[in-house]
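Asks: Chains as they are written, first to last, in this note's numbering: chain D, 21 to 176; chain A, 21 to 176; chain U, 21 to 176.
Heads up, some of the hints might be wrong.
No copy labels: a pair is met if it fits in one copy or bridges any two.
[What the hints assert, rightly or not] Result set (BS3-like, lysine-lysine): computed pairs, CA atoms no more than 27 angstroms apart in a straight line:
hint, residue 1, residue 2
1, Lys64, Lys175
2, Lys110, Lys175
3, Lys130, Lys175
4, Lys64, Lys130
Worth flagging that the hints you see were computed from the coordinates, not collected in a lab.
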Amino acid sequence: MSEVEKRLAALGISVPEAAAPVADYRAFVQAGELLFISGQIPLKDGALAATGQLGRDCSLGEARAAAELCAVNCIAQAKAALDGDLDRVKQVVKLTGFVSATADFTDHPKVVDAASALMAAAFGDAGGHARAAVGCSSLPLGVPVEVEAIFLVDKR
Amino acid sequence: MSEVEKRLAALGISVPEAAAPVADYRAFVQAGELLFISGQIPLKDGALAATGQLGRDCSLGEARAAAELCAVNCIAQAKAALDGDLDRVKQVVKLTGFVSATADFTDHPKVVDAASALMAAAFGDAGGHARAAVGCSSLPLGVPVEVEAIFLVDKR
Amino acid sequence: MSEVEKRLAALGISVPEAAAPVADYRAFVQAGELLFISGQIPLKDGALAATGQLGRDCSLGEARAAAELCAVNCIAQAKAALDGDLDRVKQVVKLTGFVSATADFTDHPKVVDAASALMAAAFGDAGGHARAAVGCSSLPLGVPVEVEAIFLVDKR
Numbered sequence: 021m022s023e024v025e026k027r028l029a030a031l032g033i034s035v036p037e038a039a040a041p042v043a044d045y046r047a048f049v050q051a052g053e054l055l056f057i058s059g060q061i062p063l064k065d066g067a068l069a070a071t072g073q074l075g076r077d078c079s080l081g082e083a084r085a086a087a088e089l090c091a092v093n094c095i096a097q098a099k100a101a102l103d104g105d106l107d108r109v110k111q112v113v114k115l116t117g118f119v120s121a122t123a124d125f126t127d128h129p130k131v132v133d134a135a136s137a138l139m140a141a142a143f144g145d146a147g148g149h150a151r152a153a154v155g156c157s158s159l160p161l162g163v164p165v166e167v168e169a170i171f172l173v174d175k176r
Numbered sequence: 021m022s023e024v025e026k027r028l029a030a031l032g033i034s035v036p037e038a039a040a041p042v043a044d045y046r047a048f049v050q051a052g053e054l055l056f057i058s059g060q061i062p063l064k065d066g067a068l069a070a071t072g073q074l075g076r077d078c079s080l081g082e083a084r085a086a087a088e089l090c091a092v093n094c095i096a097q098a099k100a101a102l103d104g105d106l107d108r109v110k111q112v113v114k115l116t117g118f119v120s121a122t123a124d125f126t127d128h129p130k131v132v133d134a135a136s137a138l139m140a141a142a143f144g145d146a147g148g149h150a151r152a153a154v155g156c157s158s159l160p161l162g163v164p165v166e167v168e169a170i171f172l173v174d175k176r
Numbered sequence: 021m022s023e024v025e026k027r028l029a030a031l032g033i034s035v036p037e038a039a040a041p042v043a044d045y046r047a048f049v050q051a052g053e054l055l056f057i058s059g060q061i062p063l064k065d066g067a068l069a070a071t072g073q074l075g076r077d078c079s080l081g082e083a084r085a086a087a088e089l090c091a092v093n094c095i096a097q098a099k100a101a102l103d104g105d106l107d108r109v110k111q112v113v114k115l116t117g118f119v120s121a122t123a124d125f126t127d128h129p130k131v132v133d134a135a136s137a138l139m140a141a142a143f144g145d146a147g148g149h150a151r152a153a154v155g156c157s158s159l160p161l162g163v164p165v166e167v168e169a170i171f172l173v174d175k176r
């Protein structure tokens, strides 16, 4: 088991099987040293763990749990891309956190912080990443948050 | 004619002249092996081919046609960047599909799938890309969809 | 003083101290030759210089001033990343301009143009960048615009 997964296991988090994309795209593509992970939604065991919109019908706590799950799913995709060895991640480079939110919602960073904290917990110093957090009018399947990621890895 | 354009021609699609940006930015910039294409909107022959918002006044079919056109315009920019030779594209790395959508819309992936399918049709295996699809409250000029792209090419 | 800062000073603009992120992420991360800057908001001297939404309670002029400030803050982060020497920027590669906007707003490019123009003014030919401008339902802390950036720099 990778050191990354050991750290997550200590927090009670296991890295799931990566979900397959449902159309003509891929869950990840590596270009040079950069591993691009497709936008991940809060799927757990094949089912949506959360739906709703911040400021309307999704609480900050629910959205933070969903954001953490999105981050776990990004890590699951990275594991699949790296032949199962997450210790090959040299750096989490960038997260973009898309938060489904009403016009008056202002706490997008607090939602996406849950994804950022998970990366820090999983990767330690290598988990520090650049980030943007923005509000979306809606997201696929009605989820409250979607997170995409870029990882630095060895060039293939 | 490039193999890419032959494949598109077989589908009845020709790659148009690339549209010039209208302000102090560029339609594309290459950095190392990555070619970044600015967000493309559904322009055809210099005119908007679609306006409206999903869930309000733009149907899924209209939006899918617009998304395909955005993808064609991304390819047109890549052609301009690569001195006319689209066969120099080594991989479509990433698409981001921005969909103008109401709060209750949930089918963003079905819209952006039309752009993804066009990339697969044009580039074959090299067309497989990472992707995010998100909902926007509105988009430039009232278009229903905007697509940006990153391509992998030879380092200059 | 860098040539970049001299050009900005001639326009009456000084590059401020970079603001620290407030959670488990970083204001910038370099991966290879690419320097990723986290989404910047219109903070000035530690306070929000603008709030509101385009089409509702923020004018185009206010939003353009906010977008320019976001660009200045991106440059401030790049300065911090590059040990104070902005002349090490080889190219502004990509800006993404997130504009808080109502469903009927259509002038997102005019807002983000102010950020693009600032980059052109600061970096000259190296300031030309790829770009996307999109509408967000809301943004962190209620700001009208957020800008993230990617710069090309020497590999470390």
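Asks: Determine for every hint whether it applies to the structure shown.
Replies: Right, here's what the structure says about each hint:
For the homomeric pair lysine 64 and lysine 175, neither the shortest alpha-carbon distance inside one copy (31 angstroms) nor that between copies (39 angstroms) is at most 27 angstroms. In the homo-oligomer, the alpha carbons of lysine 110 and lysine 175 lie at most 27 angstroms apart both inside one protomer (11 angstroms) and across protomers (15 angstroms), since each shortest distance falls under that limit. Proximity of lysine 130 to lysine 175 under the C-alpha cut-off of 27 angstroms is found in neither arrangement, the shortest distances being 34 angstroms within a copy and 33 angstroms between copies. In the homo-oligomer, the alpha carbons of lysine 64 and lysine 130 lie at most 27 angstroms apart both inside one protomer (22 angstroms) and across protomers (21 angstroms), since each shortest distance falls under that limit.
Checked against the numbered hints above, the structure violates hints 1 and 3; every other hint is satisfied.
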